[in-house]
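Chains as they are written, first to last, in the working numbering: chain A, 1 to 497; chain B, 1 to 131.
Keep in mind that a hint or two might mislead.
Said to hold, decoys possible - Examples of chain B residues lying across from chain A (beta carbon under 7 Å, computed):
1. H37
2. K41
3. V44
4. N47
5. V51
6. F54
7. Y57
8. M60
9. L86
10. V93
11. A96
12. A101
13. L104
14. I108
15. I120
Hint data in this document are derived by calculation from the structure and do not stem from the laboratory.
Each residue gets a CB set at the ideal place from its N, CA and C atoms; glycine is no exception.
Read off the chains here:
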Amino acid sequence: MSGAEMTSDPWLILLVVVPLLAAPVCVMLRSAGGAWSVATAVSWVVFAIAVKLLITVLDQGEVVYRIGGWDAPWGIEYKLDALGAFVVLIVTAIGALVFPYAKRSVEKEIRGDRIYLFYAMLLLCLSGLLGITVTGDAFNLFVFLEISSLSSYVLISLGQDRRALTAAFRYLIMGTIGATFYIIGVGLMYQMTGTLNIADLKTIMPAVVDTRTVHAAMAFLTVGISLKLALFPLHLWLPNAYTFAPSAVTAFLAATATKVSAYVLLRILFTLFGDVDLFTAFPLREILIAMALAAMFLASLSAIWQENIKRMMAYSSVAQIGYIVLGIAMATETGLTGGIVHMFNHALMKGTAFMAIGAIVFATGAVTLKQLEGIGKRMPLTMAAFVIAGLGLVGIPMTPGFISKWQLVTAALELDMWPLAALIVLSSLLAVIYVWRVFEVAYLRESPIVAHKPAEVPLSMLIPTWALALTGLYFGANATFTLNLAHTAARSLMGGL
Amino acid sequence: MTDMIDMATLNDWIGLLNYWVAIVLMMAGFYTVIAQHNLTKKIVGLNIFQVAVFVFYITMGKIDGGTAPILGDGIEVYSNPLPHVLILTAIVVGVATTALALALVVRIHHSFGTIEEDEIQVIEHDEEDVA
Numbered sequence: 001m002s003g004a005e006m007t008s009d010p011w012l013i014l015l016v017v018v019p020l021l022a023a024p025v026c027v028m029l030r031s032a033g034g035a036w037s038v039a040t041a042v043s044w045v046v047f048a049i050a051v052k053l054l055i056t057v058l059d060q061g062e063v064v065y066r067i068g069g070w071d072a073p074w075g076i077e078y079k080l081d082a083l084g085a086f087v088v089l090i091v092t093a094i095g096a097l098v099f100p101y102a103k104r105s106v107e108k109e110i111r112g113d114r115i116y117l118f119y120a121m122l123l124l125c126l127s128g129l130l131g132i133t134v135t136g137d138a139f140n141l142f143v144f145l146e147i148s149s150l151s152s153y154v155l156i157s158l159g160q161d162r163r164a165l166t167a168a169f170r171y172l173i174m175g176t177i178g179a180t181f182y183i184i185g186v187g188l189m190y191q192m193t194g195t196l197n198i199a200d201l202k203t204i205m206p207a208v209v210d211t212r213t214v215h216a217a218m219a220f221l222t223v224g225i226s227l228k229l230a231l232f233p234l235h236l237w238l239p240n241a242y243t244f245a246p247s248a249v250t251a252f253l254a255a256t257a258t259k260v261s262a263y264v265l266l267r268i269l270f271t272l273f274g275d276v277d278l279f280t281a282f283p284l285r286e287i288l289i290a291m292a293l294a295a296m297f298l299a300s301l302s303a304i305w306q307e308n309i310k311r312m313m314a315y316s317s318v319a320q321i322g323y324i325v326l327g328i329a330m331a332t333e334t335g336l337t338g339g340i341v342h343m344f345n346h347a348l349m350k351g352t353a354f355m356a357i358g359a360i361v362f363a364t365g366a367v368t369l370k371q372l373e374g375i376g377k378r379m380p381l382t383m384a385a386f387v388i389a390g391l392g393l394v395g396i397p398m399t400p401g402f403i404s405k406w407q408l409v410t411a412a413l414e415l416d417m418w419p420l421a422a423l424i425v426l427s428s429l430l431a432v433i434y435v436w437r438v439f440e441v442a443y444l445r446e447s448p449i450v451a452h453k454p455a456e457v458p459l460s461m462l463i464p465t466w467a468l469a470l471t472g473l474y475f476g477a478n479a480t481f482t483l484n485l486a487h488t489a490a491r492s493l494m495g496g497l
Numbered sequence: 001m002t003d004m005i006d007m008a009t010l011n012d013w014i015g016l017l018n019y020w021v022a023i024v025l026m027m028a029g030f031y032t033v034i035a036q037h038n039l040t041k042k043i044v045g046l047n048i049f050q051v052a053v054f055v056f057y058i059t060m061g062k063i064d065g066g067t068a069p070i071l072g073d074g075i076e077v078y079s080n081p082l083p084h085v086l087i088l089t090a091i092v093v094g095v096a097t098t099a100l101a102l103a104l105v106v107r108i109h110h111s112f113g114t115i116e117e118d119e120i121q122v123i124e125h126d127e128e129d130v131a
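This is chain B alone, in the form it adopts within the complex (with noise of 0.2 Å):
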């Protein structure tokens, strides 16, 4: 009786294993984004939060034991197309917000001469008592 209880929340657990993924590496992104000094580590979080973003919708759309969403003989059940579809949209945006960031790094390394957020702040710190 027990054994089948315990296999009843096991296989809930597995078949919500993405989700766990999903908050995971969304908590690791974040915490990374908010944690780490270094500008380009930072972007490194940003990118596994909204990656973490697409496996959701991904899973979201998932059915067990459906196919793709095809017409044709002999398939009846299948995963839906929309949110795999919105997250094409989300990774375009996803890569394109990560080559702005890197490119304004860049410019940062430039104009400062370093891409940690602590000795930027001292810089800009300095320049706010001269203004």
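If we strip away everything but chain A, and leave its shape as in the complex, we get (with noise of 0.2 Å):
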């Protein structure tokens, strides 16, 4: 086979293989115990992977696996490059300190019997969100959304509230038409190209594009994932969705299920049509725009009259998506490397913000601000884990918020639409009144409660949360390797490697 001497790294499949054989044997276990063992354990090795892989991305370039030995386009092939890397050191550094931090959490959260269910679910999750990232062919990649997505619907609904069963069901159906509209314009695709292959599709692609066709299958791919995205005005489904999952669930999906999606995003807008000139044949960039600024203050305005801090957090997730479309709007390097930045440090802040919030709802079952009256006090220290979360989605200096909106500023400003520069900083202030509504009823307000008693958490779950949050203000206050790896894969994306 000519391909033989390619390198073919088997890294690259261990990392969906792994988390994707641990749901079944968590099944078999049948045991709470077990299960969370094997999930933890896993999370941590398929780290320890994406950490290596890490290495040799940033030290050879792309790697590559080709899936029995089949030589693409014929055969499917993983690839992984500098964005890839990125976007897995994500998914499974926040699923390395998630498992940990589910065994308690869960086990008040969810009926016993049914736990190792719970973490088989979460493991399929993993493994297809890994899989969306690291396969190389479209229809490859349906089928890892439609695992990642159909292990979180079942995860939501596990959700104390019996809301929780309205709200993923309403996802269900969202994010079915979103797969759906994708598995079309995939198949418009093949009509035009005879290819499913990412890199081929890229190549024939120049060819085609002035056809209806590809026209329609734009059309049908961006508004797919932007469902699966939450991008405004498509979100209707993730406020309900995070606010009624088990609280581990909804750190743990907060941070990578929208940037998994806003990744493949980035590689239908600019590997698939990488060599097209996408942007001035459509006014791709106008609508996308228009879209995220949306997003960023009509969703920051919900979130500031949410009483629940759950949904409070869940508007502003629909809020910073805005600025990572934004960045991706602006298809320039400065603005490209603002978008996927923040994808990492919207990761950050949100599981950081979530695990709190899950901590709070563990010791106390507060959610609402009224019932967070004097909460500063009773909660010292997972308190103080939200407010670096918070005072990092208001976007102040020495945290990572702050190296994300910096970014798109200076992009903004680079293409001469200081407006949208303006509005990026105003937008900023929104979060400000959110972030300070809840500081205001933790810190300002006296308990209601007569026991003054210290209500903290267990330490399973205050490690990982303060793990995240200081990773947060390491990467707020040095953000070299950030900014230089988002930097590398929006130049690759850009087509100047």
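Build the complex: two chains, separate frames, hints provided.
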């Protein structure tokens, strides 16, 4: 075989196969503790593989694995470049922290005889998200998209409140429409090009791009993925899903699922259509910027009015997705760097925020602002982590949010779009309002409960929360690594490598 | 002369019949998902929507006069098997989605006592006020 001399890195496939096989193992173990041990061990193994792959990618560029030894485009190839390695790092790092965190939280929130199934689902979701990131095949991507989606519907429906069921159902309907739109797009592409390999599609695309079929395909792909991404106004499934899902699930999905969808959007716009000048042929930039701005302002405004802190953070997620899409829409190296680095930074901050909220729910059961009065004195450590995350969402200097917003403002100024830069700053002020509402009730109001004993949570929950918060602070103070990685990824997407 | 043009257009139309069917089904399914309040009917709509995509993929692979892609004497024109294989996967995914959706509907019926979306929304709205 001609491609035999090409390096085929087996670690790439292990990234997907290990969690995929561990899921049925959890089901067979039938014990909560056993399933948790397996799942946590797997999440750490996968994180180690991700770090190893990142080092390889930074060292030699792309890593490729040909499944069954078949060369692309006949066989399915798995491929990891700087962008993919960055996203894999985000997903596995969050996984490695959420799994240990989940133990106590899940014991409290989910019926004992279902816990082993919960971990099987969480592993399937992890494996689906990683599969989306590493695959180089458009249809294979759909399969992984559905693996991660189906498992997340189940995970959301496991929430204690009965509204979790309707939230999961709504997400199922919208998610399935999104995924079906995506395969319609892939089908139209296949009609025009006869290939499903993304790299192959990229080379054929310039020859067929001026056909209505390809235009329709692009529309279907973009809208389908925007549904999964929860890009405003397609975000309607997200707030309730995040609000009523079990705390650990919210922390995991909020930090990973939308980032992976953003990655798919980047792949479509800049790899699949990488050789054609998409942004001059369509008013794509204007459309995406308009939706991103709408997300940043309207979702932040909605967040301000929420009484339920989980829903407030969910709306904040929709707003933050706006920033990511804004960076993507600018379609310049600086803009993309901002968008990509914000994927990482937002994962850190929202992961911390939802883990802290999960800890509060664990200790007190409180989710509304009224119930949270004086929580800062009763749970000082947990709330301190939340404060760090909140400041990060606002974009205070020394937090990771500042790094990405600075990058986005720079990108807007480079394009001479100074109103856009002003709007980015203005929308951050909205974040100040909703984050301040939480700080105010948590620290400035007296707790209605007489017992002022600190009600802190077990270390197995506190340590992952703080680990993520401190990672956030580190990358807020010293962003060289993340910015360089994001810049390398952006440069290769823009075709400058 | 005009007859010949008509025949050609007619042939085009008949040749594209499957695509028309796919589009009509797709829109009918999509409309059902949006317009129906009954959750089970929504799932039916979703199924029709997905089946339309299956029809579209299967049509795409078919070639006029083509046979099954079997290596044998006298077989020269054959249909493209790849879209057909892809759709097998999509069918499996569709079955899993439907099963999960129906399971959720059963659970929703248990906890809300109804599967009409507007009634559920009223109940959920009331709960919001309490919280």
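Structure-based check of each hint:
Because the smallest distance between the Cβ of H37 (chain B) and any Cβ of chain A comes to about 13 Å, over 7 Å, the interface hint for this residue is violated. Because the closest C-beta pair between K41 (chain B) and chain A is about 12 Å apart, greater than 7 Å, the hint is violated. At a threshold of 7 Å, the smallest CB-CB gap from V44 (chain B) to chain A is about 12 Å, leaving the interface hint violated. With 7 Å as the threshold, the beta carbon of N47 (chain B) stays out of range of chain A, its nearest partner Cβ sitting at about 10 Å, so the hint is violated.
The interface hint given for V51 (chain B) is broken, as the beta carbon of that residue sits about 10 Å from the closest beta carbon of chain A, more than 7 Å. For F54 (chain B), the interface hint is violated, the least distance from its beta-carbon to any beta-carbon of chain A being 10 Å, above 7 Å. At about 5 Å, the closest approach between the beta carbon of Y57 (chain B) and any beta carbon in chain A falls short of 7 Å, and the interface hint on this residue holds. The closest approach between the C-beta of M60 (chain B) and any C-beta of chain A is roughly 5 Å, which is under the 7 Å cut-off, so the hint is satisfied.
Satisfaction of the interface hint for L86 (chain B) is found here, the shortest Cβ-Cβ separation to chain A being roughly 6 Å, below the 7 Å cut-off. Restraint check, V93 (chain B) versus chain A: the minimum CB separation of about 5 Å is within 7 Å; hint holds. Because the smallest distance between the Cβ of A96 (chain B) and any Cβ of chain A comes to about 6 Å, under 7 Å, the interface hint for this residue holds. For the restraint placing A101 (chain B) at the interface with chain A, the shortest Cβ-Cβ distance is roughly 5 Å, inside the 7 Å limit, so the hint holds.
Using the Cβ-Cβ criterion of 7 Å, the hint placing L104 (chain B) at the interface with chain A is satisfied: the shortest such distance is roughly 5 Å. Proximity of I108 (chain B) to chain A holds as hinted, the smallest CB-CB distance being about 5 Å (cut-off 7 Å). Against a cut-off of 7 Å between C-beta atoms, the interface hint on I120 (chain B) holds, since the closest Cβ of chain A lies about 6 Å away.
In summary, the numbered hints that this structure violates are 1, 2, 3, 4, 5 and 6.
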